[in-house]
Amino acid sequence: MEKQFQNWTLFFIAGIIAMISGLIAAIVLMTRSSAPDALFGMYILFGLVPVLLVIIIDRILVWKFGNKNVNKVQFSILLLIVFLWIVRFVWDLFI
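If you're matching positions, the sequence shown starts at 2 in this note's numbering and goes up one per residue.
Bear in mind the hints are in silico, worked out from the structure with no lab data behind them.
Bear in mind the structure is a predicted one, so any value in this text is a computation, not a measurement.
Virtual Cβ for every residue (Gly too), placed ideally from N, Cα, C.
Be aware that one or more of the hints could be misleading.
Pairwise CB distance ranges, derived in the manner of DEER restraints [claimed, not checked]:
no. : residue 1 : residue 2 : range
1   : Asp38     : Phe90     : 19 to 27 Å
2   : Leu79     : Ser34     : 37 to 45 Å
3   : Val83     : Trp9      : 15 to 23 Å
4   : Phe47     : Ile78     : 42 to 50 Å
5   : Ile61     : Ile96     : 22 to 30 Å
Using the sequences plus the hints, can you model the full thing?
What follows is the structure, given as structure tokens:
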């Protein structure tokens, strides 16, 4: 069981969660009777294509460079995004 969770990374877990929640939301929206709901469900499905590409690229990088190196890069990307979000928040407070 421990071997199964050995190669999981941040983007892989986030991608799996996004795929599951996106598929559920798209199915619920597309089974409704109104056309705008069905269109929004289709937009959600098209939005899952980049998520699938990120998961595939993540698996290739884990296979090539290893789990620890890929996780370090992914956490630094996440910290950069959080830092930029905080800078934007502070910038909007004062201007």
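These are the hints, each one checked on the structure:
no.	hint	verdict
1	Asp38 - Phe90: 19 to 27 Å	33 Å, violated
2	Leu79 - Ser34: 37 to 45 Å	40 Å, holds
3	Val83 - Trp9: 15 to 23 Å	21 Å, holds
4	Phe47 - Ile78: 42 to 50 Å	24 Å, violated
5	Ile61 - Ile96: 22 to 30 Å	42 Å, violated
The structure does not agree with the numbered hints 1, 4, 5 stated previously, though it agrees with the rest.
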